[in-house]
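Peer 1: In order, the protein sequences belong to chains A and B. Residue numbering for the first sequence follows our numbering, beginning at 39 and increasing consecutively. Residue numbering for the second sequence follows our numbering, beginning at 6 and increasing consecutively.
Hints are computed from structural coordinates only; laboratory data are not their basis.
Here are the simulated lysine-lysine pairs, DSS-like style, with alpha carbons at most 27 Å apart:
# : chain 1 : residue 1 : chain 2 : residue 2
1 : A       : Lys260    : A       : Lys159
2 : A       : Lys110    : B       : Lys448
3 : B       : Lys368    : A       : Lys114
Quick caveat, the model's predicted, so the values are computed rather than measured.
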Amino acid sequence: MKVLQSRRLLRWLGPATMVLVLGACAGDAPQDALDPAGPYARSVHNLFVPVFWVAVAVFVLVQGAIVFAVIKFRRKDGDDAWPEQTHGNTRLEVGWTILPALVLAVMAVFTVPVIFELDDKRPDESILVEVTGQQYWWAFSYPEHGDIVTANELHIPAGRPVFLEMTSEDVVHSFWSPRLNGKRDVTPGRVHTWTIEADEPGVYSGQCAEFCGASHANMRLKVVAHDEAGFDAWVESQHQLPEAPTDGLAAEGFELFETRGCAACHDVRGQYEVVSETSPPAPDLTHLFTRDCFAGCIYDLNDRNEVEAWLRDPQRKAGSLMVIGELSEADIDALYAYLETLR
Amino acid sequence: MALTDDRPVLELTAGEDAERREPLGVFRRPTATTGWRSWLTSVDHKKIGIMYGATAMVFFAIGGLEALLIRTQLATPDGQVLSEQAYNQAFTMHGTTMVFLVIMPMLAAFANYLIPLMIGARDVAFPRLNALSYWIFLAGGLFLYSSFFLGGAPDNGWTSYAPLSNNLAYSPGMGQDFWTLGLQITGIASLASAVNLIVTVINMRAPGMTLMRMPIFVWMSLVAQFLLLFAIPVITVALFLLMFDRLFGANFFNVAEGADPLLWQHLFWIFGHPEVYILILPAFGIISEVIPAFARKPLFGYPFMVFSGVAIGFMGWGVWAHHMFASGLGPVSVAAFSLSTMFIAVPTGVKIFNWIATLWNGKLNFTVPMLFAVALVSQFVIGGLSGVTHSVAPHDTQQHDTYYIVAHFHYVLFGGSMFGIFAGVYFWWPKVFGRMLSETIGKAHFWLMFAGFNLTFGPMHILGLQGQPRRTATYAEGMGWDLMNQLATWGSYLIAASFLLWIFNVVKSRANPPAGADPWDARTLEWSISSPPPAHNFDIEPTVSQLDEWWHRKYGEDDHGVIVRRDDYEWMSVVGPEEGGTSAPPPESIHLPSPSYWPIVLALGLPLIAYGLLFTYWLSALGGLVLIASVYGWSLEPSVDPDAGHGHVEPDRVDDDDDPGTAADPVAAGTTEEPS
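Input sequences plus hints: build the corresponding full structure.
Peer 2: Take a look at the structure:
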């Protein structure tokens, strides 16, 4: 009867496992490490897959042995005899010491080269991007492409490795866009390098992976991969500086941007330059409205309500350092009108 | 072997020919042997063990509530139950609590209660130090939790990475200071306890109990105590530096002055990884006692189990940087630690196989402790296998700091340590309290916890690989994480329900009939005495001739090689007549260490000093005074005082001449040393 119970349990476990596995596949997971989209992520993934199946095999064997033993060697009611008192079996034990060691040694042989390969120097043909992590947003600059600075959205050419030189202005962060490569810490006082690459144009989600304070959850990023022509066009567009508005609501906003102190922290190249020894304390806004998201990539820039809500209360994102004070609705309209010109 | 020679019984000259001193005239020596007062001043390892266990269970409930908050927040995308800061406090305190205030003291509870009983000793080597350990642990825990009422709890994670933690600009509140100081306090408790238990095991084993006749739980606890002895100083150094950075403007982790933030990470994990084995090895020890008892077979490959435990203890020091594969260590370090991490799986695997071999061909009796023990084996396999995948360093950069890691270490620490702890609690409950816990409620508790645990942490493997980072207070819609998070949250509620069943079981057990001395027909010496054991543990000092001594005293083989129960074995304390066998002759006069106020007073000084560092140095001065006075009071107080409570056991029967303790002792190994 007990065995029957166990079978019933197994019957129940089967569908439950199916639900879990199907649940894993269902739905679109834009940040899925199991769905590599570039050569670096793929070489990491290719290392994982065989290890995963070996683990599954060990899992099935060991759990199978446990379940078998549990069912088969259960004591019958009223059976008071003692089983044979085995104390051990040296040959067997040496065997199951050496066997796992061999399996692991094989794993090691495949793992070590990839460790060195991934940590290699800057790849040929790669573009260079400097990454700066800050509480709680990302700055990206392109030293080999002229004066390009952007925030939270990393634009890259598809099919070319992108070499990242990363450091932090404050605490330890970690750069992670799982479909393009694993993560690498972004640490103050150190420059860590990391290479990502996307096969195809597209948008790849990512976020800070090392706990960095109150809004750690809100320090996200997007990697936007263009085809070669699209990337060149993007670079070109970033070199076109927006003109300062001279009349209308936008001009009022342009004034407010300075009087309200925004210009003390936000760069708008050609209009307001922040004087700072290190990188500016707030995101570069020169081409703000060419982006899709803002404030650590948690709000949609295309949604005017989100932008206005932010101007009303920048503290809606925990730990935000932005201070703007009370704004009238007219001020907000004016500021929005100005920001919209930053393309 | 106990330290053996012909020295006379070490007996302090307390009593009629010694003049009684009132220590410093401050306190009258405590005399209570019952009631709450006896608990405050007790130096009895059994009472201290119970206090450790009870306190840890309270903290388990608190840490569990924090976990429920976390899971409720994450049940849906963009959860609004907690603010970011409250969430960060919840996960920081959840982790800190479960590691330092639940599993460590819970295992200390087992070690305290069981080690002297299992090795046939009357108490630990330093009973007052033992009491001090407990009170310091409690003081540290309460100090840490008082942060909630004094300006906010720590919120930088249980790893508190610098420079987030050391720089007042990034963590301006006092929460981080409470964490830094609180853990230094509990660290003192762990160190004192480690020294005490190591000396106990080395010096106080009964005659004949060689190291390779020690119960496996004692072995695993011994390894864990050595790990504590060497790991706690490392974290203490780290905490000390952090404290100086925060309180006195030092620059140990100040990047602006050229410090490298990786220093904290190295220090933390050189402690942190051995800590993992501190948390799991004693639980391995527990189930290595439980499984043989209910498989009705000896532990398969005892020497392999011992040596694999010791091997894990050594290798555990060489794997810490696998917590830092994403930290930018450089490929050579990463490769080295990747290899060492792979190979620590070997001794762990040996244990799994040996447990299964112990089950094999046994006659398994699925009592509640056995259920928890077998579940540990099964769940630890999952945690172990995911651990092996971490050792593949390139892919660890995908797993690191995600829910995959959260799943992994919960399979190790909850599916492993906590299940082992519950196996032990159900197993030794009748020994400790003299009553059985209900098997029916216990089974409901087990199955609910088993289901809840796997439902909570199973889906987290998938979440992590799908890219959900840990320690994030919220996540956006459309990331594909909704269903798994919901399942995990339901699972956590099941765990909470199972905990309530467990409490119900405990409360109800008070009405159960007496359990008897040896209800499970078990194998080690603690089952040879009454339940609960007498204050002095053993009426006669047991003489040990083999592993599983008690079982071999009860059972022998008849002429056909069939195992039969002997009828001439002797209980080692007075037990009820219904137990079979005969009871030991009553003890000669035994001096036990006397209760003392000093441990609790001394422990009080430490949080005072810590509060003083945060609020006003006057408090520190007061705390320092209390501390110094206690040290003096302690040293001037004789450890054994026949007039004090539970210090002296008079024979309650006088009917024999021979002394079985030595007469039956072929090893003629020494005498009981009085603990001091």
